[in-house]
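Novice: Below are the chains, spelled out letter by letter.
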Amino acid sequence: DAKTTQPTSMDCAEGRAANLPCNHSTISGNEYVYWYRQIHSQGPQYIIHGLKNNETNEMASLIITEDRKSSTLILPHATLRDTAVYYCIVRVVGGNNRKLIWGLGTSLAVNP
Amino acid sequence: DVKVTQSSRYLVKRTGEKVFLECVQDMDHENMFWYRQDPGLGLRLIYFSYDVKMKEKGDIPEGYSVSREKKERFSLILESASTNQTSMYLCASTGLTVLAAFFGQGTRLTVV
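Quick note, the sequences are listed as chains D and X, same order.
Using the working numbering, you'd call the opening residue of the first sequence number 1 and step up by one each time.
Using the working numbering, you'd call the opening residue of the second sequence number 1 and step up by one each time.
Think of the hints as simulated: they come from the structure by calculation, not from any bench.
Predicted, not measured: the structure shown is a model, and the values here were computed from it.
Heads up, a few of these hints could be off.
Said to hold, decoys possible - Distance windows between CB atoms, simulated:
(1) D:T5 x X:A100: 21 to 29 Å
(2) X:T110 x D:I101: 21 to 29 Å
(3) X:P61 x D:G103: 15 to 23 Å
(4) X:E79 x D:H77: 47 to 55 Å
As the list claims (entries may be wrong) - A short, non-exhaustive set of chain D residues, derived as facing chain X with CB atoms under 8 Å:
(5) P44
(6) H49
(7) W102
Beta carbons: idealized from backbone N, C-alpha and C, even for Gly.
My request is simple: use the sequences and hints to build the entire structure.
Specialist: Encoded structure:
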């Protein structure tokens, strides 16, 4: 699996959009980009994933650059409950590769 | 609502004790994983299982064993607990076609 690089920490004002970047410059054509978040003392929670196209769900939007070497997770109206560590992961789906390789993520602090 | 349930949120055990951590999922997922999470080290894979009675070592299997007798249940065993196994333990599951991993709430184990 390709490795990802994320900033260690970020701040965001409540009600504003939080834009979390992720660099995955060695991503392969068959690797998806996944985002998870982990609120303090809980298990990680799946947010969204994508391959090439931008994706949106009820939690967030995922913007993937055309060359797929980076992506941005957007929380459109951050709330205090969005304070968490956000992980960006790339993985091949199916085949014999079943593991997820986790980095240290971005610690997002949403401030009142 | 999909669920991965870990048997305990908090556990305190003595050095040398045999410890069982249980994980149950209700999604009929093929793959199940055990991770440990320590500050500054992120999530590290201990063992995973892709089928009943099948298991593979992850990145840090030493001092641990696992058991998967039924599809829905994956147990992590610390044969002789040591203080360096004090950690947060997280169980996760994925299906063959389900792209997201679902996590349990975690078990915070303290070995004294």
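Novice: Determine for every hint whether it applies to the structure shown.
Specialist: Outcome of the hint check:
no. : hint                        : result
1   : D:T5 x X:A100: 21 to 29 Å   : 22 Å, holds
2   : X:T110 x D:I101: 21 to 29 Å : 27 Å, holds
3   : X:P61 x D:G103: 15 to 23 Å  : 21 Å, holds
4   : X:E79 x D:H77: 47 to 55 Å   : 49 Å, holds
5   : P44                         : 5 Å, holds
6   : H49                         : 6 Å, holds
7   : W102                        : 4 Å, holds
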